[in-house]
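Participant: With chain A fixed as given, assemble chain B onto it according to the hints.
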Amino acid sequence: MSTSVKRLFGRSLTLDRGGRRVLSDLSFEAAAGSALVVTGANGAGKSTLLRLIAGLLRPVAGDLGLDGGDPELTIPQQCHYFGHMDALKPQLSVEENLGFWRAFTGSADATVFEALARVGLARLASLPAAYLSAGQRRRLAFARLLVTKRPIWLLDEPTSALDAASEARLLEVVGDHLDGGGLVVAATHLALPFARMDSLRLGPSVVEAA
Amino acid sequence: MSALSALFVREMKLATRVGGGALMGALFFLIVVTVVPFGVGPDLNLLARIGPAILWIGALLATLLSLDRLFQADRDDGGLDLVLMGEAPLELVVLIKCLAHWTATGLPLVIASPMLAVFMNMEPVAIGATTLTLLVGTPALTFVGAIGAALTVSLRRGGLLLAILVLPLTVPVMIFGVSAATAAVQEPVPFATPFSILAALGLFSMVLGPIAGAAALRHAGD
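Listed in order, the protein sequences are those of chains A and B.
This note's numbering applies: residue 906 is where the first sequence begins, and numbers increase by one.
This note's numbering applies: residue 24 is where the second sequence begins, and numbers increase by one.
Calculated directly from the structure, the hints in this document are not laboratory data.
Misleading hints may appear alongside valid ones.
Stated by the list, open to error - Footprint (simulated), chain A over chain B, 3 or more residues, beta carbon under 8 Å:
1. 25–31
2. 36–46
3. 224–231
Ideal Cβ placement from N, Cα and C applies to all residues, glycine included.
So here's chain A without its partners, still in its complex pose:
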């Protein structure tokens, strides 16, 4: 039985990529119910930190921990990763794309149509994903976070390619997730007006200090 997630933390994380130290002795803490907004210049390691939490990269030193959550699952298994790539197959329709991820990730939450309505794509359900615009692809990818329930959302530049109305809708959905006791780590270089947020600034200074 899963308990609610309380806190995600990293202690003195160090990570190298391509022989270059990207993260050095980084510690952070993200509490449930508020968003941790990671900012920093291009190449400061924002995406790297998210991929590290998602288990896609391994740190050289330091560790990640989670208070609460389902003890049977690893941290990545409790995360939704909304990265730069949309994980959509152009040959499949909007509905088939989302339906696959709903069945594959398990523990279904909303139905495909509820999630599509939430991101404003319900009318395009039968259209092949190849015909979607960049913003629509982004919204369809985001709908993946709604069809299955996972407590931790890792959002990498979540508002890129979105218009103002879609951005407002996305912020509203993220707000609902936070209200429900969810945990969000978002990497961005735009201002993201979440209701409750902490910030973590990554920069060359962080790297050089170590």
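Facilitator: Positioned in the frame of chain A, the structure of chain B alone reads:
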């Protein structure tokens, strides 16, 4: 289990829609086998003798041709990251992807082979034996090829490297496949001996392919 059945259904849809690999393999097989009689000439006895070998070489090349996108397409669109993070065991994901790949590209080769065998002037017994060896042997080609596909997942134009990596491992499959097919019509070797080894290679690769492929995919992230 529903996660894996959903994966199988999606892989089949992708293979059979525009840009999918299902027909491409079968067409390539058709080209290879059709060209040989033109090159070899109208010596019917010779064609009948080399028929099983030509069908096997065609099937091997057709399988290799369609394998390079097995995992690369998922990596390119970011889907592989989500699969790696998910609860479904990666070994089973690789197994299901291989089974779907074989159903979409290997099975059509098996079905087409009796018709193409007629081009090679093969006897009915030889046609039956070759089709049976392809049915048992082509899954082994897919599973062994999946290891190469997983190893070259992060390389652009990894298709040729995949073929070079995988070819030595597929040679035993081809040797026993062809010798079983020939043994069915020629003395003194009984059909069952090479055929059993072929079946064993198929089962062995069915275990090794998913485990090795999953291990390679886990380390492809960095």
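Participant: Give a verdict on every hint.
Facilitator: Results of checking the hints against the structure:
1. For the stretch 25–31 of chain B, the proposed coverage by chain A is satisfied: 5 residues have a C-beta within less than 8 Å of a C-beta in that chain, meeting the threshold of three.
2. With a cut-off of 8 Å between beta carbons, the stretch 36–46 of chain B has 6 residues touching chain A; three or more are needed, and the interface restraint holds.
3. Counting residues of the stretch 224–231 of chain B whose CB lies closer than 8 Å to any CB of chain A gives 0, so the stated coverage by that chain is violated, three being the minimum.
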